[in-house]
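As given, the protein sequences belong to chains A and B, one line each in that order.
1 is the number of the first residue of the first sequence in this note's numbering; add one for each residue after it.
1 is the number of the first residue of the second sequence in this note's numbering; add one for each residue after it.
Hint data in this document are derived by calculation from the structure and do not stem from the laboratory.
All C-beta atoms, glycine included, are put in the ideal place defined by N, C-alpha and C.
Keep in mind that the hints are not guaranteed to be accurate.
Quick list of simulated restraints, FRET-style, between CB atoms [claimed, not checked]: (1) 150/A / 154/B: 54 to 62 Å; (2) 219/B / 198/A: 35 to 43 Å; (3) 331/A / 153/B: 46 to 54 Å; (4) 1/A / 219/B: 33 to 41 Å; (5) 183/A / 4/B: 29 to 37 Å; (6) 331/A / 155/B: 26 to 34 Å; (7) 109/B / 174/A: 55 to 63 Å; (8) 313/A / 269/B: 51 to 59 Å; (9) 31/B / 174/A: 45 to 53 Å.
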Amino acid sequence: MDLLRFATAGSVDDGKSTLIGRLLFDSKTIFEDQLEAVELASKSRGNEYTDLSLLTDGLRAEREQGITIDVAYRYFATPRRKFIIADTPGHQQYTRNMVTGASTADLAIILVDARKGMTEQSRRHATIASLLRVPHVVLAVNKMDLVDWSEERFNEIYEEFSLFSSKLDIPDLTAIPLSALEGDNVVERSENMPWYGGSSLLYHLEHVHIASDKNLQDVRFPVQFVIRPQQSNARDYRGFAGQVASGILKVGDEVLALPSGLTTKVAAIDGPSGPLDEAFPAMSVTVRLEDEIDISRGDIICRVGNHPEPTQDVEAMVCWMDQDALTVGRKLGIFHTSRMARAMVKDIPYELNVNTLHRDSEINQLNLNSIGRVKLRVTTPLLVDDYDHNRTTGSFILIDEATNRTVGAGVIRDS
Amino acid sequence: MTQPAHMLSQLDALEAEGIHIVREVVAQMERPALLFSGGKDSICLLHLAIKAFAPAAVPMPVVHIDTGQNFPEVLEYRDRIVEKYGLNLVVGSVQDAIDAGTVREEPNGSRNRIQTPVLLDTIEKNRFDACMGGARRDEEKARAKERVFSFRDDFGQWDPRNQRPELWNLYNGKVHPGESIRVFPLSNWTELDIWDYIRSRDIEVPSIYYAHDREVFLRDGMWMAANEFAVPGDGDEVVTKKVRYRTVGDATLTAAVESEADTIDKIIEETAATRLTERGATRGDDRVSEAAMEDRKKEGYF
Chain A
1 MDLLRFATAG SVDDGKSTLI GRLLFDSKTI FEDQLEAVEL ASKSRGNEYT
51 DLSLLTDGLR AEREQGITID VAYRYFATPR RKFIIADTPG HQQYTRNMVT
101 GASTADLAII LVDARKGMTE QSRRHATIAS LLRVPHVVLA VNKMDLVDWS
151 EERFNEIYEE FSLFSSKLDI PDLTAIPLSA LEGDNVVERS ENMPWYGGSS
201 LLYHLEHVHI ASDKNLQDVR FPVQFVIRPQ QSNARDYRGF AGQVASGILK
251 VGDEVLALPS GLTTKVAAID GPSGPLDEAF PAMSVTVRLE DEIDISRGDI
301 ICRVGNHPEP TQDVEAMVCW MDQDALTVGR KLGIFHTSRM ARAMVKDIPY
351 ELNVNTLHRD SEINQLNLNS IGRVKLRVTT PLLVDDYDHN RTTGSFILID
401 EATNRTVGAG VIRDS
Chain B
1 MTQPAHMLSQ LDALEAEGIH IVREVVAQME RPALLFSGGK DSICLLHLAI
51 KAFAPAAVPM PVVHIDTGQN FPEVLEYRDR IVEKYGLNLV VGSVQDAIDA
101 GTVREEPNGS RNRIQTPVLL DTIEKNRFDA CMGGARRDEE KARAKERVFS
151 FRDDFGQWDP RNQRPELWNL YNGKVHPGES IRVFPLSNWT ELDIWDYIRS
201 RDIEVPSIYY AHDREVFLRD GMWMAANEFA VPGDGDEVVT KKVRYRTVGD
251 ATLTAAVESE ADTIDKIIEE TAATRLTERG ATRGDDRVSE AAMEDRKKEG
301 YF
C-alpha cells in the first residue's frame, strides 16, 4: 500500500468541508464519537444541519468564527492507498497556508462551484499548485445538482480553466463533475451524469499514477548528521545520515561530495532494517564511503558529472508569510536542505498577481501573502537545482533573525 | 499488493519521514530529550530514534513524567527497555512535586493536569530546548493543526494562532534561551499505522495492550480497572472482564475496552473495525469540553 498526499483549497461555500466530510464518512474514517461531538456542537450553535466543517476546524477560534484559519491534516485509507489531506482555507489572506499545504502534495483538488464557474479564487489555487509544482491537479466542478447535471456547463468551466492553466505548468489535469452533497462522483459513479465517462474522485485518488513523479535520475543526498559511535564495538564506523532527495544511490557508485569536490565510492548503505544495495527517494539511510573525506551537515553527496550548482546568488519565487514586508537590503536566515546560512535581498524584480498572472514590476516590497521574484545573495554557496527538477534542492525557507519566525518560502528558478 | 519499484510503502514512507525528523532534532538542537511514557506511540518513537543513530547510542535522554499512578506492567516495561538499549532515563515525579507542595492534586484525584507543571519544571531544570513526543494528528482536532516542530515560549505555552509555517521537509528549530520546541515525528501516523508498525517491526509492547482478565467497574460508561488508583464507589459493581487498553495513561482516568484481541493480528483487526476514537473511548481527560485538548496544550501539555 502506498501513500498519497493531497491538498484541498477552498472555502465552506464551495462545499469543501462537505466533500472532505463525505470522503471521510464514506471511507468509514469518521468515528462515532467524532460525529456525535459534531452533531452536538452543531445543535448547540442552533444549526439545522450537522456542520461537517466542525470536523476539520479544530481550533476554538475557528469554530467560533466558522472559518478555517490554518492547515488541518486529515487521514483516511482505502484498501488501495493511505491518504493524507492537507486541508487549507481558500481566501487570499491565507495564501501562505495554501502554499504550505501544496509544498508536500502529490495532488491538488481545486474546487469550483458549477453555478459560479471560475473565480479569482480558483485561478489563485491553480497558480499556487503550478508554482509549487504539484504533479497532479483535479478540477472538481461541484454542485452539479444545482445546474441540472448539465454537460454543457461542465464543459464550459473545463474550457475556461484549461485556457487559464495553459499559461501555467500543470503536468496532469483531470476534471470531474460532482455533487459533494448528494455524493455523485465522489465515491460512486453518478447516475445523474451518464455523459461523463471518467472515474469518481475517490477512484481517481486511488489510481492516479504517482510512481513516476519522483526524480530518479539526479542523485542528491543532503547530509543531515554524521554518525560516529563512541562505543568500543563500533569505533571505526563513520556514516553520513540523510534522506535521499532524488536519484538512486547504489553501493559501489562513484560519488562526488560537495562543496569539497572530492570523489570516492559508496562502501555501504545502512537502512532502518539493515544493509541495502541501493537507496531511492525518500528513504532515510546512512551512507558509508570508501575513503575518509571531510563531509559535514549541509554537504551533498551526488554523482560525478551530475551535480547541483554551488552558488551564492539565488533567484527564486518567494511567498512572503509575515506581517513585516520584505524589502530590498533586508538580511535573513536561509534554510536550504540541511544548510543554514544568511542571505541579503538584492532585488525584488516583480510581484506576481496570482489571480491574473500579471507581473507588477512597480513594487519595491512584498507584503504578507504576496508572491514575487526575489534575488538573494547568500553568505555561503548553496547547492541548488531548479525547483522544477527537484523539490528538495530547489526549495528553501527564510527565517527572521530577530524573532526566529519562518517568514518566507522560496522555489528556486534557474533563469 | 506488491509495491512498485522505487516506491516506498506507506509504512516505510512514514518511518523514513520520522527518522528524518528525529535526526533534524538532534542536528539542530542543543539539548534534546525524548518523552517516553511506555505507551505504544512513544515506543514507536523510541524505535525510530534507535534506528536513526544506529550503531551509535540514542544521543539524548528519555524523559518520563511519572504521575505515581501508573500501571505496574508499564513501569516494569519502561525499566527493562531503558536497560536493554542503555538509555539515560530522567524521571519527573508528580508525587515529589506534590510532597514538595509545588503542585496540588485535583479534588477528583486526577493528576493529569498537574503533569504539565512537572513537565515544564523538568524541561527547565535540565535546560532541554527540544522535547520529542509520540503525539499524532489523528488523535484529536487541536492536534490536527499542530506543527511537527511546535514552538513553545518561555512559559512552555503553545499559541495555535501564531504557529510557524512549515513547508516541505524544512523544520525551523531556532529558539532563544528559555524557549523550546516540542517535536512530533509521528504526526502523520494513525492508530492503525502504529499497530501495523509494531507488527511489521516485531516490537514488544506492555502486556496490558493485549486482552486479559481484569477486575473492572463502570464509570461514566467506561470500564475502569479496580485498583488502588481507581477505587470503586459504593454502588459500583466490580466484575471480571476480558479487556485490553487502547491507550496507556494515568491509571485513575484511562479506561479499558472489552476485547478478545490477545494477539497483534487480532488487535489490528479490531482497530480497523472500531467506530470510536481511542481518546473518545478511553480517556476521561478529553471529555471535559470541546476544546479540552487545545486548552491543556496552550498551558504546555504534551
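Here's how the hints hold up against the structure:
1. 150/A / 154/B: 54 to 62 Å: holds, 59 Å
2. 219/B / 198/A: 35 to 43 Å: violated, 53 Å
3. 331/A / 153/B: 46 to 54 Å: violated, 24 Å
4. 1/A / 219/B: 33 to 41 Å: With Cβ atoms ~39 Å apart, the hint holds.
5. 183/A / 4/B: 29 to 37 Å: holds, 31 Å
6. 331/A / 155/B: 26 to 34 Å: Holds, at about 30 Å.
7. 109/B / 174/A: 55 to 63 Å: This hint holds: roughly 57 Å between Cβ atoms.
8. 313/A / 269/B: 51 to 59 Å: holds, 58 Å
9. 31/B / 174/A: 45 to 53 Å: At 49 Å between Cβs, range holds.
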